[in-house]
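In order, the protein sequence lines correspond to chains C and Y. Take 0 as the starting number for the first sequence in numbering that gives the first Met the number 0 and just add one per residue. Take 0 as the starting number for the second sequence in numbering that gives the first Met the number 0 and just add one per residue.
These are calculated hints, taken from the structure and not from any lab test. One thing to keep in mind: the hints can contain errors.
What the hints assert, rightly or not - Residues from chain Y that face chain C, not an exhaustive set, calculated with beta carbons under 10 Å:
hint	residue
1	288
2	290
3	291
4	315
5	380
6	404
7	406
Don't be surprised by glycine CBs; every beta carbon is placed ideally from N, CA and C.
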Amino acid sequence: MTVRTYAEFQANNETPEILFWVGCAGSFDARAQKVTKAFVEILNHVGTKFAILGKEEGCTGDPARRAGNEFLFQMMAYNNIQLMNMYGVQKIVTTCPHCFNTLKNEYPELGGNYEVISHAVYLQQLINEGKLKTKDGGEFKGKKITYHDSCYLGRANNIYEAPREVLQTLDAELVEMKRCKTNGLCCGAGGAQMFKEDEPGSIRINMERTKDVLETGATVVASNCPFCLTMLNDGVKNNEKEDEIQVLDIAEIVARNL
Amino acid sequence: MIIQQIAFIIISAIAIFLFSKKVMEIRRNILLGKDEDLTDQPKQRWQNVMMNALGQKKMFSNPLVAVLHLFVYVGFIIINIEIVEIILDGITGHHRLFAPLLGGFYDFLIGCFEILALLVLVACVIFAIRRNVTKVNRLNRGELLEAQPRNDANLILVFEIVLMSLFLIMNAVDINLQVLHAEHYTQTSPFWISQFIAPIFSGLGEGSLMGIERASWWMHIIGIFLFMNYLPYSKHLHVILAFPNAFYARLDAKGKIANMPEIQNEVLYMMQPELAPTGTDANAVMKFGAKDVFDLSWKNLMDAYSCTECGRCSAACPANITDKKLSPRKIMMATRDRLEEVGKNININKEFKDDSKTLLHDYITVEELRACTTCNACVQECPVSISPLDIIMQLRRNLVMEESNAPQEWNGMFSNIENNMAPWKFSPDDRDAWTNN
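Extracted from the complex, chain C is given alone in its bound form (with noise of 0.2 Å):
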């Protein structure tokens, strides 16, 4: 896998169109790191030139902001943003929703000032311009496909429509469930909740969420982020339905279809 970062580039005088912001959940968690390679694939099968961080990345600081250490996310935003501004950052594309918005919202204010896209976003910009063709009657034709709205793209960010283009690529039939969009249910990752165990309720909101995905009878569930894939993976293995249902991000359902 042909991989360079920013540091490679500067040192061969060379700038990379745009930083490819890998987020901690797609260097470290071996589910999210399928997400990366596969985004990867994707980068290289278009030919983009992009620079990763590599080991000088870090946390954006999005769960110590939302559990209320503000001290330690400015800690955090103050060594990317140094970094990012060392190298000249203009662009990034990001396949974490989570990441995505503390880099395109909460870092201007901080100094750090960058065109920050979602890799769903980016996808459909790469179809809608023909650089991305994915294949006629791929692994997805005629599958009953669901999209489920990440909180950070959808509410957040009023990210809706993009993602949805790309799937609808695919010549699959996409299916909605009956909270979707602006009524988007979240997965139950967010807000650092990812990182503990549910308050004490009936149910955890991800199999609640489960629930609206077997509705469909879709035997795929795209998303577009690293929590929403860990927590609907874990409701639907709870419901047994593992062997029936995938729950694949985006990147990788599109790079199956290259």
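Take the given structure of chain C and dock chain Y to it, following the hints.
Same frame as chain C, now just chain Y:
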């Protein structure tokens, strides 16, 4: 007649005085919050007022309820035009002052008011049924099972039903008096709705009719004054505050959490000590996040007074749906309750005297705050532009930064981020390990 006029003027004056006093008190309470400038992009803000407050855009996700609500709302505003005449009649001792001036147009106006009154009445009856008989879930859940919010909601409905009934009865009796050519009762063409109620009273003599007419008139206007004075104590205050609340709503992307410049600077001075200020400011005691209503912004406090307890927020909240303790509606009601309590404290003591209570812990518990996923469903749903999330975040900040009160797993996550630059325990050296396989 002159006695009626004097009584009317005195009653109006008292009603308006008491109302203004309470309004000023609410204004004072809201301004106990921290200053926050929310006046940028005026064009967008006015647009929000037009769409969300005047146009009630969010209501229309359920068109049936939206239309019924619209009847009550339009009725509430337009029938107020008729109140102008009622008040002028009351002061001057006239009856239907505008009828001779407007002629046929007067009959048209009253006809329209009557149709609206009927629609308001029908809508309120349906609302009462939804709330008490068919028991719509969000209106019969959690904090709404308490007596105060239940009684408040039903009292508002009863008020509106009674007021509209009195308005129609008044006109129906008036028609009978006109038929009898009673002195003082201006001739009009039959009113559109009340003409169908009029036959009920047709057997009565002039004296009884005038008695009923006067009684309805007085009960109607006194009812309006009572309702006006009940408004600031009730969830019904949203009819006024929905407008400024829409104007001052935050315009940033919903995902953006408010920055804390004081901490941003602390971190900056730690990283670049040469920038740190010297002198007294450097040692100022800082307080992080919100523990009580004084620490919230004035907009958070206005949000609390604007809440109409409809529960659309909680019905969409993933934590509430799965029966966690958190209910965004309760966050708003608790904030208002605490603020009212602080207000009473100030009324009695001239300034706030410590009552050893705080919004955090005494009104809102740690378990509620920890259940939030910051998904913004509550903010998205609110028809009157409230952000419960903003309050939740500020209370969480206080918990973590002032009390070091975080679940064990979060403390682990914090130390992982601090030491490994990731929320999990992996070496930062392995961050790019995925490129190797």
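### Query
For this structure, which hints from the list above don't hold up?
2, 3
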